[in-house]
Amino acid sequence: MRIHVYERLWLVASMILIVAFIATVTYGTVGLGITMVDDREETLSPGDIDEDERFEDPRIEQVGENEFEAYVVAMTFLFQPDPIEVPANSEVTFYVTSRDVIHSFTVVGTNTNTMVIPGEVSVMTVEFDEPGEYGIICNEYCGVGHHDMEAELIVVEEDEFDLTELSVDAPDTVEPDAEIELTATVSNGLIDDLEATVTVEIGDETFQEDVTVGGDESEDVSITVDADDLGEGDHDWTVTVDDYEETGTVSVASDTDENDDGSENGEDTTDENDASSTVEDRLS
Amino acid sequence: MAKSQVTRKITHDEFDPVGTLALIVLYFIVLMLMWVFTYFVEFVGNDPTPFVVA
Numbered sequence: 000m001r002i003h004v005y006e007r008l009w010l011v012a013s014m015i016l017i018v019a020f021i022a023t024v025t026y027g028t029v030g031l032g033i034t035m036v037d038d039r040e041e042t043l044s045p046g047d048i049d050e051d052e053r054f055e056d057p058r059i060e061q062v063g064e065n066e067f068e069a070y071v072v073a074m075t076f077l078f079q080p081d082p083i084e085v086p087a088n089s090e091v092t093f094y095v096t097s098r099d100v101i102h103s104f105t106v107v108g109t110n111t112n113t114m115v116i117p118g119e120v121s122v123m124t125v126e127f128d129e130p131g132e133y134g135i136i137c138n139e140y141c142g143v144g145h146h147d148m149e150a151e152l153i154v155v156e157e158d159e160f161d162l163t164e165l166s167v168d169a170p171d172t173v174e175p176d177a178e179i180e181l182t183a184t185v186s187n188g189l190i191d192d193l194e195a196t197v198t199v200e201i202g203d204e205t206f207q208e209d210v211t212v213g214g215d216e217s218e219d220v221s222i223t224v225d226a227d228d229l230g231e232g233d234h235d236w237t238v239t240v241d242d243y244e245e246t247g248t249v250s251v252a253s254d255t256d257e258n259d260d261g262s263e264n265g266e267d268t269t270d271e272n273d274a275s276s277t278v279e280d281r282l283s
Numbered sequence: 000m001a002k003s004q005v006t007r008k009i010t011h012d013e014f015d016p017v018g019t020l021a022l023i024v025l026y027f028i029v030l031m032l033m034w035v036f037t038y039f040v041e042f043v044g045n046d047p048t049p050f051v052v053a
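Chains as they are written, first to last, in numbering that gives the first Met the number 0: chain A, 0 to 283; chain B, 0 to 53.
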């Protein structure tokens, strides 16, 4: 068979093109270490998400010096947690699963993008070098609210990042001759110690206490005020730790109600005021 | 009616479509450039990219 010289030329050229395509993809995988999301993770039935220790409380967790894990649950039509906050100069592994239908977890403008399939856990490890804000969207049509399904991914400065949580336990009402005991619980989700100042303002009084919270631990700070000192009436309190703030009101009043211990209704009166700035509270 | 039909026979290797060759070479170069752009600029350049954890 006689093949024209030009025909031979473009046969060879098209072969080179195919080889070049395969070579670049191979270079990306072997040389640059780019990976595709696969099904190597154990399956997880959507009904078991609430029992799974990773997903029962969607969150960010520190697992190493600069290593974090983000457990994300996608559902119609939101992502939990939202916003997702991670520090710059870190390595974040996202574990994403779906509660209902097929979604996607797409960090807009990047290659961080995966399908989120109910029953499967998609895992991606990415590096965030610079602080910035990214949008997260769902790119698999998942229902009437699909176009609203979005979240935010915030990469904050390394030294501004914390996993601090503040919750305050204080009574709602106290007798004038009793004491007001206010307990602030500061928990630190980071590996390194957290040094913070707990400031409690109640009425006109201000208390300050320095605390050091160990990695992955929590500390209680209790202050006690005589209700007499504040006088009868409502008193606002504020507890501040770094950028976190909790507020509430305590009433000092002599209890003249006939059901003074609340047990006459057969109810358990919980005159505790639990304030907590966790992600779930912000969502609900 | 005068019949003027000139027929010139050439051999297989004498057929020389330079214009077609130039066009295909051009397409080829465009294709290569588009691939380089798509892969190295649009794909690899859009950090962060999921990578293999050792």
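Simulated from the structure, these hints should not be mistaken for lab results. Be aware that a few hints might be false.
Partial list, derived from the structure: chain A residues whose beta carbon lies under 8 Å from chain B [unchecked claim]:
no.	residue
1	Trp-9
2	Ala-12
3	Ile-33
4	Thr-34
5	Asn-110
6	Met-123
7	Thr-163
Please read these numbers as outputs of a predicted model, since none were measured by experiment. Beta carbons: idealized from backbone N, C-alpha and C, even for Gly.
| task | Would you list, in rising numerical order, the hints stated earlier that this structure does not obey? | result | Those not satisfied come down to hint 7.
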